[in-house]
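In case you want the letters, here they are:
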Amino acid sequence: MSDFLTQYAFLIVPIVKVVVLVLIVLTVDAYLTWLERKVIAHIQARWGPYRVGPHGLLQPLADGVKFILKEDPLPANVDKAGYFIAPFITLMLALTSLAVIPFGPQHFTIFGYETHVGIADVNISLLVLFAITALGVYGVALAGWASNNKYSLLGGLRSSAQMISYELALTLSVVGVLLIAGDFSLRSIIDHQENGNLGLLGWNLFGFSKDGIGFTQIIGFFCFFLAAIAETNRIPFDLPEAESELVAGYHTEYASMKFAMFFIAEYTSMITVSCLATVLFFGGWLSPFPASWTFTHYLPSLLLIPSGVWLVFDGIRYETIFGRIMLPGVGAVLALLGVALVLFPVVNEAIQGPFWFFAKVFAFLFFYIWMRGTLPRFRYDQLMSFGWKFLLPVAIANVVLTSAFILWRMH
Amino acid sequence: MTGPVIIFFVLAALAVLGAVSLILQRHPIHSALSLIVVMVALAGLYLLMGAEFVAAVQIIVYGGAIMVLFVFVIMLLNAGEEERTNFSKLATYAGIPLAVATAGLIAAAIVRSSAGLSSAGPNGTLTSTKTLSMLLFREFVYPFELTSFLILVAILGAIVLAQREN
Numbered sequence: 009m010s011d012f013l014t015q016y017a018f019l020i021v022p023i024v025k026v027v028v029l030v031l032i033v034l035t036v037d038a039y040l041t042w043l044e045r046k047v048i049a050h051i052q053a054r055w056g057p058y059r060v061g062p063h064g065l066l067q068p069l070a071d072g073v074k075f076i077l078k079e080d081p082l083p084a085n086v087d088k089a090g091y092f093i094a095p096f097i098t099l100m101l102a103l104t105s106l107a108v109i110p111f112g113p114q115h116f117t118i119f120g121y122e123t124h125v126g127i128a129d130v131n132i133s134l135l136v137l138f139a140i141t142a143l144g145v146y147g148v149a150l151a152g153w154a155s156n157n158k159y160s161l162l163g164g165l166r167s168s169a170q171m172i173s174y175e176l177a178l179t180l181s182v183v184g185v186l187l188i189a190g191d192f193s194l195r196s197i198i199d200h201q202e203n204g205n206l207g208l209l210g211w212n213l214f215g216f217s218k219d220g221i222g223f224t225q226i227i228g229f230f231c232f233f234l235a236a237i238a239e240t241n242r243i244p245f246d247l248p249e250a251e252s253e254l255v256a257g258y259h260t261e262y263a264s265m266k267f268a269m270f271f272i273a274e275y276t277s278m279i280t281v282s283c284l285a286t287v288l289f290f291g292g293w294l295s296p297f298p299a300s301w302t303f304t305h306y307l308p309s310l311l312l313i314p315s316g317v318w319l320v321f322d323g324i325r326y327e328t329i330f331g332r333i334m335l336p337g338v339g340a341v342l343a344l345l346g347v348a349l350v351l352f353p354v355v356n357e358a359i360q361g362p363f364w365f366f367a368k369v370f371a372f373l374f375f376y377i378w379m380r381g382t383l384p385r386f387r388y389d390q391l392m393s394f395g396w397k398f399l400l401p402v403a404i405a406n407v408v409l410t411s412a413f414i415l416w417r418m419h
Numbered sequence: 372m373t374g375p376v377i378i379f380f381v382l383a384a385l386a387v388l389g390a391v392s393l394i395l396q397r398h399p400i401h402s403a404l405s406l407i408v409v410m411v412a413l414a415g416l417y418l419l420m421g422a423e424f425v426a427a428v429q430i431i432v433y434g435g436a437i438m439v440l441f442v443f444v445i446m447l448l449n450a451g452e453e454e455r456t457n458f459s460k461l462a463t464y465a466g467i468p469l470a471v472a473t474a475g476l477i478a479a480a481i482v483r484s485s486a487g488l489s490s491a492g493p494n495g496t497l498t499s500t501k502t503l504s505m506l507l508f509r510e511f512v513y514p515f516e517l518t519s520f521l522i523l524v525a526i527l528g529a530i531v532l533a534q535r536e537n
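In order, the protein sequence lines correspond to chains H and U. So that you can map any letter, position 296 of the first sequence is 304 in this note's numbering, and since no number is skipped, the others follow by simple counting. So that you can map any letter, position 3 of the second sequence is 374 in this note's numbering, and since no number is skipped, the others follow by simple counting.
In short, the hints are calculated from the structure, not lab data. Treat each hint with caution, since some may be false.
Claimed, not checked - Chain U is faced by these chain H residues, among others (derived, beta-carbon under 10 Å):
1) G90
2) I93
3) V130
4) N131
5) A142
6) L143
7) V145
8) Y146
9) A149
10) A154
11) N157
12) M171
13) G190
14) F192
15) V320
16) G323
Even glycine gets a Cβ: it sits at the ideal position worked out from N, Cα and C.
Throw the hints in and build the complete structure from the sequences for me.
Have a look at this one:
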């Protein structure tokens, strides 16, 4: 048995990692919809989902069951091949793009096979991500065209035009980071941002570094994040599905699981973009504190224990009996996890990287939702002139500035 | 058969099937999608030969930019399905023999130079992006810049041609 495992570890380990990551991502997607509804509800002074489970915590589960059980009608005169392939393309590409993102610094060996946190460590991971983004437009465009519906077609056309326009700014905005790091690999881009006691000042966003070649990438980050929001079709750039003009845009004719696939793909690309912003500009898994401040390693426990205790005390006063059991239970688990991290320093050290990575990713996801609750949608001509006349020149200016600075520092 | 060889044949079959489907499909969008399959399969083949940068660029430029433009234009013009006509006499009597002759010529050339072609198989080495850019921007910088200038001229020409209509 162990012989077999050693021989085929190169095949088994990645498959297990893929399955685990997909399960995690799908769960996170589901709870992201819950978080989005809750946050927007509170921005608009409402309660949001509250009926299914305590604080609506089982709402994603109910939504999932609903998506599976709903009828999936085939509209008349659709282009069948395109209609069926489109949601699969969209979801497949969205999930594939997560494969090249490194989530933590560790390398470990299983059955003689050396592996790391993340699925694939490719030399050109950034280019792979852009290649997948470039293909992403087909899912949306094809869905819009194949549905045989004028609203869908308009949504599909808008989306292809928007994605072509913003892809340029998106690609150019990261050139500054590439110039500083000198490598396409996301792992080495993060490693390059590690500057010991500089802490968060060493991140590409601020651009201080020991060798003095760094240059602040605030402009690059600004361009990257705006273009990325446009690429993921989120507010304020959600014109492909502008519900006040196009019913639901490219997925008007989709129901049941096929609609859910577009939905999951949208949230997965939000996660990918947040991960990418974290890696490129915010130091990935690096802690924002100087390396000598080892007491900051207790921060995960410091977050987990009070929130767990608070959940226990808040939960026992909940209206329903189920809530009075579930909320204190979750709280107790969180508090115990925090205590366990204090008791086992080895585990605590190991989760430092992933902790900071996911904290930053969560901040970006929250920002996404916050924007949805705050900003109105662009008009179409505004969208185009913003992309071509503002974002693209600014991104090019950033490339010129950064390369000039690096040239000056090198001589 | 080893892993890379199996992957090679899968990708090669995908590329050929995509190319055949490109010709046989009656709807322009389906043809365009078949062409995308060919592009992606070719990118996979490049990757298999260790040219990772070329593979990524193949997908970004051909699969992404150029084919999106094709699909966009076809959708915008709302091009319908093409009607199948009877093959013309010229195609039957001149086209098919010509096609067979061309295929035979190519096959003969490949068989003759098979010794030289075998070295292009999967050898597991990666050409780093750095090496490639050193070549492009140091050794061949003038041809490279001239090509980009040529493309710029072509874009300007296209704009001028489009403007003349108004």
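Structure-based check of each hint:
1. G90: The hint holds - H:G90 has a Cβ within 10 Å of chain U, the shortest such distance being about 7 Å.
2. I93: OK, holds: H:I93 within 10 Å of chain U, min 8 Å.
3. V130: Holds, about 7 Å.
4. N131: Holds. Min distance 6 Å.
5. A142: 3 Å, holds
6. L143: Hint holds; H:L143 Cβ to chain U Cβ min 6 Å, cut 10 Å.
7. V145: This hint holds: H:V145 lies near chain U, its Cβ roughly 5 Å from the closest one there, short of 10 Å.
8. Y146: 7 Å, holds
9. A149: This interface hint holds because 6 Å falls under the 10 Å limit.
10. A154: 8 Å, holds
11. N157: Since the shortest Cβ distance to chain U is 13 Å, the answer is violated.
12. M171: 7 Å, holds
13. G190: Cβ of H:G190 sits 8 Å from chain U, so the hint holds.
14. F192: 6 Å, holds
15. V320: Violated, because the Cβ-Cβ distance from H:V320 to chain U comes to roughly 50 Å (cut-off 10 Å).
16. G323: This interface hint is violated because 49 Å lies over the 10 Å limit.
Of the numbered hints stated above, those contradicted by the structure are hints 11, 15 and 16, listed in ascending order.
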